[in-house]
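I would like the entire structure built from these sequences, with the hints used as guidance.
Protein chains: 2
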Amino acid sequence: MKFQYEKVIVPVVSGRLVFAAIGLDHGHIIAMCKNLEVHGGYLKWIYDENINKAKMLKKQFPNAKICSSAQEILCDKEVKLIISTIVPNKRAELGIEVLKAGKNYFTDKIPMTSLDQIEAVKKVLETTDKHFFVSFSKRMNNEAAFYATELIKAGAIGRVLQILQVETHTHVANSSKTEWFYDEKMNGGLLGDFGCHLIEQHLHFSGCEDTKLISSRLSNIKNDKYPNFSDYADMSLLSANGVSGQIRVDWLAPNWINGWREDRTTIFGSEGYIELGKFYDEDGNENDMHILNGEGEYFVKVAGKIGLPFYKDLVLDCIYDTDNSIKFSHIEAVVKLAIEAQEKAIRIK
Amino acid sequence: MKFQYEKVIVPVVSGRLVFAAIGLDHGHIIAMCKNLEVHGGYLKWIYDENINKAKMLKKQFPNAKICSSAQEILCDKEVKLIISTIVPNKRAELGIEVLKAGKNYFTDKIPMTSLDQIEAVKKVLETTDKHFFVSFSKRMNNEAAFYATELIKAGAIGRVLQILQVETHTHVANSSKTEWFYDEKMNGGLLGDFGCHLIEQHLHFSGCEDTKLISSRLSNIKNDKYPNFSDYADMSLLSANGVSGQIRVDWLAPNWINGWREDRTTIFGSEGYIELGKFYDEDGNENDMHILNGEGEYFVKVAGKIGLPFYKDLVLDCIYDTDNSIKFSHIEAVVKLAIEAQEKAIRIK
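One line per chain: the protein sequences are A and B, in this order. When you read off a place in the first sequence, starting at 1, and then add 119, the result is the number in the working numbering. When you read off a place in the second sequence, starting at 1, and then add 119, the result is the number in the working numbering.
Hints may be right or wrong, so weigh each one.
Just so you know, same-sequence chains aren't split out, so a pair can sit in one copy or run between any two.
Subject to a maximum C-alpha distance of 25 Å in a straight line, what follows is the list of computed DMTMM-like cross-link-like pairs (lysine to aspartate or glutamate) [stated by the list, open to error]:
id: 1; residue 1: Lys296; residue 2: Glu390
id: 2; residue 1: Lys272; residue 2: Glu298
id: 3; residue 1: Lys242; residue 2: Glu298
id: 4; residue 1: Lys331; residue 2: Glu459
id: 5; residue 1: Lys272; residue 2: Asp343
id: 6; residue 1: Lys463; residue 2: Asp329
id: 7; residue 1: Lys344; residue 2: Glu390
id: 8; residue 1: Lys331; residue 2: Glu462
id: 9; residue 1: Lys455; residue 2: Asp302
id: 10; residue 1: Lys341; residue 2: Glu416
id: 11; residue 1: Lys163; residue 2: Glu191
id: 12; residue 1: Lys184; residue 2: Asp195
id: 13; residue 1: Lys209; residue 2: Asp248
id: 14; residue 1: Lys241; residue 2: Asp432
id: 15; residue 1: Lys172; residue 2: Asp195
id: 16; residue 1: Lys304; residue 2: Glu216
id: 17; residue 1: Lys341; residue 2: Glu394
id: 18; residue 1: Lys178; residue 2: Asp442
id: 19; residue 1: Lys341; residue 2: Glu414
id: 20; residue 1: Lys153; residue 2: Asp432
id: 21; residue 1: Lys172; residue 2: Asp248
id: 22; residue 1: Lys468; residue 2: Glu328
id: 23; residue 1: Lys341; residue 2: Glu462
Hints in this document: simulated from the structure, not taken from any laboratory.
Below, the structure written as structure tokens:
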């Protein structure tokens, strides 16, 4: 096989898209800011109820200013986009406020933790041409995932039949893990918060949003002192086009792994498979791909060769009111499955 | 981690257990004969309706004699064990005849293809102290699988939570693939014939025979000309102790792989995981193990270090009428799940 790459170029003049960050509860905010700035964004304002969180982000982006209220930012006409990693069950509420202020909104996953929140966001979206974007970073920040999409489209593994995903994290109780981290009502639960990443990949790589939950399980094996926390979860999905999905997420990785190294997405097709994940890379790089098909077997380093098309599209969507980065119908399908998986899960003792 | 091994020793004087082979439809018969001879068995007779099959086996075991009828073998008092790889839907019938003749029976998987056959075998077993053994060779012929069992017992990966299994085969139509190969009524179907191997491993490694089928799927993606054949299958299991199982079996491996190299069993526990399979061995050896736990990560070559305890136990069971190699209740649990998975499978178009 020959591997060819088309690299994303910065779509607009640097700084053209002015954005602000409100609600900084998850560290993902840093990557979101960085990726936006790389693609033409400029972080003008930072706000969080907790001034220390705002100061921490400013350290990374010294040109940004800390604002004393969210309202002030929402009134700044120069700001076209508000981004947030506020606690998951508050993401919809903030998004609605942002949309009503005539701005685009870009939040971390999981963006909504109840069906009511989904409906409330949909209602507001009907009244505006602004967007509600979500960062499903497992795929959106992964060059190999974008490259896999291209290869699958080109038929490299034939018809997709099964998507196996495992993602194991190290759980170390520390100061960054505050109340909401251990409360599934606030974070959407393990199948919501982490599961939605993998559900998103399933819908994407299966090419089918009409996907049903077959079953799901949740368990708290090693963290009894947090009664509203799960450290193990799995689920099975079946798409209307026949693609079977098996997903596991957990907080049980040995501490020495120090991260989510054991993260594998195996997309199995009629003519071969593609495996994405940190697993195959001794350097700890997450943009690696293993592909095996009728032509042979390849270990491909994708880092730096593709860029992040999602961020390019998102910046353009904000400037030109197009809708190419991520459609809300897709977000809705993902989140509904995640909420269902979390709610219907068999609790394993 | 320190790895210590206890090797199986030949349990009896060589040739002590006299056995015969009747019905040689699957090539697994060779490994069954070899493993029995290594552990003290002596192949006295060979019989198949098709004399050519008998001759082919005799080439490998020149001391054995080709017999002109099965009945003659069943009357030979020296023979304590009959082994068979006859077509799957005939295995129970032959087994019943063997048991009624006062001999032990050892057949390839899948040993029974209907619930009626299971009941018929059970009825005969109630009347005899002889045994109905089954070769689930994926585990029984794999030293790493036995070693994994020991490590799990010793707590190396904590509580077992999920068992992920994939097994992909190359499908090449050739002369060895006759009528029964393409007829799921005769071979038990893909979830029966292959699936039962993996179900057996699930019940074994979960330590729980009370396991339910959650869902299963069958498809014929690339072999339309065989209407009663499936080349893709998967299923989900859930054990009463909470162990979740995901199984895929298929005939879709690229031809150049030439075998079942992409064969992985990942046993995920609360303190780490063990992965068994050919995948990790450049030499194509199937007795390799990858273990990752709190102490570190290890790639362990088990070949030659353990031997095959199953065959040692089976030989002793035949000689002393003990029941240590494989219990019929275990076989029954495996086969019932396999039949259910095959019967209830959603047929993916």
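A quick look at each hint next to the structure:
1. Lys296 / Glu390: between (43 Å within a copy, 22 Å between copies)
2. Lys272 / Glu298: This pair counts as neither: shortest intra-copy Cα distance 43 Å, inter-copy 37 Å.
3. Lys242 / Glu298: Answer is neither: 30 Å inside a copy and 60 Å across each miss the 25 Å cutoff.
4. Lys331 / Glu459: Both: 10 Å inside a chain and 22 Å across chains, each within 25 Å.
5. Lys272 / Asp343: between (45 Å within a copy, 24 Å between copies)
6. Lys463 / Asp329: both (18 Å within a copy, 22 Å between copies)
7. Lys344 / Glu390: between (47 Å within a copy, 18 Å between copies)
8. Lys331 / Glu462: Classified as both: same-chain Cα gap 14 Å, cross-chain 21 Å, threshold 25 Å.
9. Lys455 / Asp302: So Lys455 and Asp302 pass the 25 Å test inside one copy only (19 Å; across, 41 Å).
10. Lys341 / Glu416: For Lys341 and Glu416, the Cα distance is within 25 Å only across copies (21 Å; inside one copy 39 Å).
11. Lys163 / Glu191: For Lys163 and Glu191, the Cα distance is within 25 Å only inside one copy (12 Å; across copies 92 Å).
12. Lys184 / Asp195: within (13 Å within a copy, 94 Å between copies)
13. Lys209 / Asp248: within (22 Å within a copy, 68 Å between copies)
14. Lys241 / Asp432: within (21 Å within a copy, 65 Å between copies)
15. Lys172 / Asp195: within (22 Å within a copy, 85 Å between copies)
16. Lys304 / Glu216: within (21 Å within a copy, 62 Å between copies)
17. Lys341 / Glu394: Result: close only across copies, 22 Å inter versus 29 Å intra.
18. Lys178 / Asp442: Cα proximity of Lys178 and Asp442: none, with 32 Å in one copy and 70 Å across.
19. Lys341 / Glu414: Cα proximity of Lys341 and Glu414: across copies only (17 Å, versus 45 Å in one copy).
20. Lys153 / Asp432: The answer is within: 15 Å in one copy meets 25 Å, while 63 Å across copies does not.
21. Lys172 / Asp248: neither (31 Å within a copy, 74 Å between copies)
22. Lys468 / Glu328: between (32 Å within a copy, 18 Å between copies)
23. Lys341 / Glu462: within (21 Å within a copy, 38 Å between copies)
Checked against the numbered hints given earlier, this structure breaks hints 2, 3, 18 and 21; the rest are met.
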